[in-house]
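In the order they appear, the protein sequences are chains F and U. In this note's numbering, each residue's number is its place in the first sequence (first place is 1) plus 478. In this note's numbering, each residue's number is its place in the second sequence (first place is 1) plus 165.
Keep in mind the hints are simulated off the structure, nothing from the lab. Glycine is no exception: its CB is placed at the ideal position from the N, C-alpha and C atoms. Hints are all accurate, no fakes.
Here chain F is said to cover these stretches of chain U; the calculated rule only asks that three of the stretch's residues, wherever they fall, bring their Cβ under 8 Å from a Cβ of chain F: (1) 393-406; (2) 475-482; (3) 549-563.
Between beta-carbon pairs, the in silico distance windows are: (4) F:479 x U:537: 19 to 25 Å; (5) U:458 x F:541: 44 to 50 Å; (6) F:520 x U:223: 55 to 61 Å.
One-letter residues, chain by chain:
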Amino acid sequence: MLSSEEVERIAYLARLSLSEAEKVRYAQQLSAILDYAAQLSRVEVGDDVPPTSSVLSVHSVMRLEDTILPGLTREAALRNAPLADESYFVVQAALGDDD
Amino acid sequence: MRALCSLTIAEARRLLRERAVSARELTFAYLERIQQLEPSLHAFISVATELAIEMADAADRRIARGEDTPLLGVPIAIKDVLVTRDLRTTAGSRILENYVPTWDATVVSKLRAMGAVFLGKLNCDEFAMGSSTENSAFGVTRNPWRLDRVPGGSSGGSAVAVAADLCCAALGTDTGGSIRQPAALCGVTGLKNSYGRISRYGLIAFASSLDTVGALTKDALDAAIMLQALEGRDPNDSTSVSAPPVDVHAVEHAPEKLQGLRVGVPKEYFTAGIQDEVEEAVRAAIAQLEALGARVQEVSLPRTELGLAAYYIIAPAEASANLARFDGVKYGLRVTGNDLIDTYCRTRGAGFGAEVKRRIMLGTYALSAGYYDAYYVRAQKVRTLIKQDFEQAFAQVDILAAPVSPTTAFPIGSKTEDPLQMYLADVFTLPASLAGVCAISIPCGFDRLGLPIGLQLIGPAFGEQRVLQVARTYQMHTDFHLRKPNLDLSSLAS
Numbered sequence: 479m480l481s482s483e484e485v486e487r488i489a490y491l492a493r494l495s496l497s498e499a500e501k502v503r504y505a506q507q508l509s510a511i512l513d514y515a516a517q518l519s520r521v522e523v524g525d526d527v528p529p530t531s532s533v534l535s536v537h538s539v540m541r542l543e544d545t546i547l548p549g550l551t552r553e554a555a556l557r558n559a560p561l562a563d564e565s566y567f568v569v570q571a572a573l574g575d576d577d
Numbered sequence: 166m167r168a169l170c171s172l173t174i175a176e177a178r179r180l181l182r183e184r185a186v187s188a189r190e191l192t193f194a195y196l197e198r199i200q201q202l203e204p205s206l207h208a209f210i211s212v213a214t215e216l217a218i219e220m221a222d223a224a225d226r227r228i229a230r231g232e233d234t235p236l237l238g239v240p241i242a243i244k245d246v247l248v249t250r251d252l253r254t255t256a257g258s259r260i261l262e263n264y265v266p267t268w269d270a271t272v273v274s275k276l277r278a279m280g281a282v283f284l285g286k287l288n289c290d291e292f293a294m295g296s297s298t299e300n301s302a303f304g305v306t307r308n309p310w311r312l313d314r315v316p317g318g319s320s321g322g323s324a325v326a327v328a329a330d331l332c333c334a335a336l337g338t339d340t341g342g343s344i345r346q347p348a349a350l351c352g353v354t355g356l357k358n359s360y361g362r363i364s365r366y367g368l369i370a371f372a373s374s375l376d377t378v379g380a381l382t383k384d385a386l387d388a389a390i391m392l393q394a395l396e397g398r399d400p401n402d403s404t405s406v407s408a409p410p411v412d413v414h415a416v417e418h419a420p421e422k423l424q425g426l427r428v429g430v431p432k433e434y435f436t437a438g439i440q441d442e443v444e445e446a447v448r449a450a451i452a453q454l455e456a457l458g459a460r461v462q463e464v465s466l467p468r469t470e471l472g473l474a475a476y477y478i479i480a481p482a483e484a485s486a487n488l489a490r491f492d493g494v495k496y497g498l499r500v501t502g503n504d505l506i507d508t509y510c511r512t513r514g515a516g517f518g519a520e521v522k523r524r525i526m527l528g529t530y531a532l533s534a535g536y537y538d539a540y541y542v543r544a545q546k547v548r549t550l551i552k553q554d555f556e557q558a559f560a561q562v563d564i565l566a567a568p569v570s571p572t573t574a575f576p577i578g579s580k581t582e583d584p585l586q587m588y589l590a591d592v593f594t595l596p597a598s599l600a601g602v603c604a605i606s607i608p609c610g611f612d613r614l615g616l617p618i619g620l621q622l623i624g625p626a627f628g629e630q631r632v633l634q635v636a637r638t639y640q641m642h643t644d645f646h647l648r649k650p651n652l653d654l655s656s657l658a659s
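Kindly produce the complete structure, drawing on both the sequences and the hints.
Structure, rendered in structure tokens:
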């Protein structure tokens, strides 16, 4: 069973604020799912079995040539921003006074 | 105008080409039916009435000029995880409630270029995470065969729109079964393409190594028409590949018999937990394939059940990374906190629903220091074994026949409290996704409540041609795909 400290640590890593009720619920539900997933560690997997991150055998794909195509206008790029000035996204300071 | 709305793509195109009906008439028939049935079914998040009429008129002008494409003037609806220029795209999430994309997904631009008509955006589980469409932030979609049942998910709106004749065909996406399972639960045809065959550019990413785009249609011929329209390598998706294009004519004129076809029946797909009526209907369908000349043999996919455990580590891990982009800065909801990190946390805490948060947490845990090897790498190794299971099976047989879902459509609300029970609904669709192979769901019967049952035909990677032809042959000899839910307006009053 995940402790509430572990749930809080994961939530912080994932940048999710959770209510107290959510923390309790996720501790139970994630534990149940992880218990189920534990069967992965019980199965015989030879050392020579590579992990599959993609079913395709293609790896690096490069553009044939670098062609300049029209991109987003500034107006379009800012259209969906929750807060924007004329030419930029507005956010809180990323660095505090002490940084 | 029931008759117009129940047309297949192939039938609608014939009438449009012969000028027996205009795209405008066809589109108005759908819009009228949507208006009548949406209050009961809720398949759509947004109905694009004005856009649809505009596109229909443009299609009629192209038809008048003598143009002909396989989708010219055909009304189609789009799952709301595919971005559409100037048409709100929510991914079923509060965090994108007001997001209006500035660009089109590649599949959407292909449909535009061919002159399809867009009826609107379809409901789905939030970010395509779910098996019942109950995880949408915009309400529950109801199964047209019984309104107290889920439509399946995550492409539940797409399956309902096709089943209830609210569109001619629908775009969906399938990461672990999200086209096949709702197609089965709503009695329509749904093709999950081989990974890489159709561009993912403009699909709001869930699990990038598993996500596929495809169509839900009224029959296998339409599935072939849609595949031909959507497939092909896309410079904007580095994981898309070029394969020999599907031969629609060969699907249309598929042989009446299945002489020489080797069909494998994976024994692990008929284990405890499967509803009796589902097993009976699927076995009867397999017997029919045999009666048509196929050679049927039992095969084994020994790691079938492990697919569930592997999937529910890998997909959440990828999702936790993909959904990091929703931070309240460039688009979507923002809930301002004490500082920037607090703003991220509050925005995401308020914007994401319960299942999305659960999967982000699960994925973050599986990728975190100390657990990465035990969960994530281990799951990827098991994925290799699952892929090998399919390779070994396809060394013996041409195609696999199996159930899509262990049960027919379950009651709304019956699994929402227990995520693991909900995940178990995907046990027969996840392995094909992990292996990247193709699979189609086609109707093969009904249970005693009248709920549809799906047959899953699985082919090797890029084996869509044969899968579609076998499905077409089966549909030549059966009428399950032609049956319609009873949606008389009087019966919907309750």
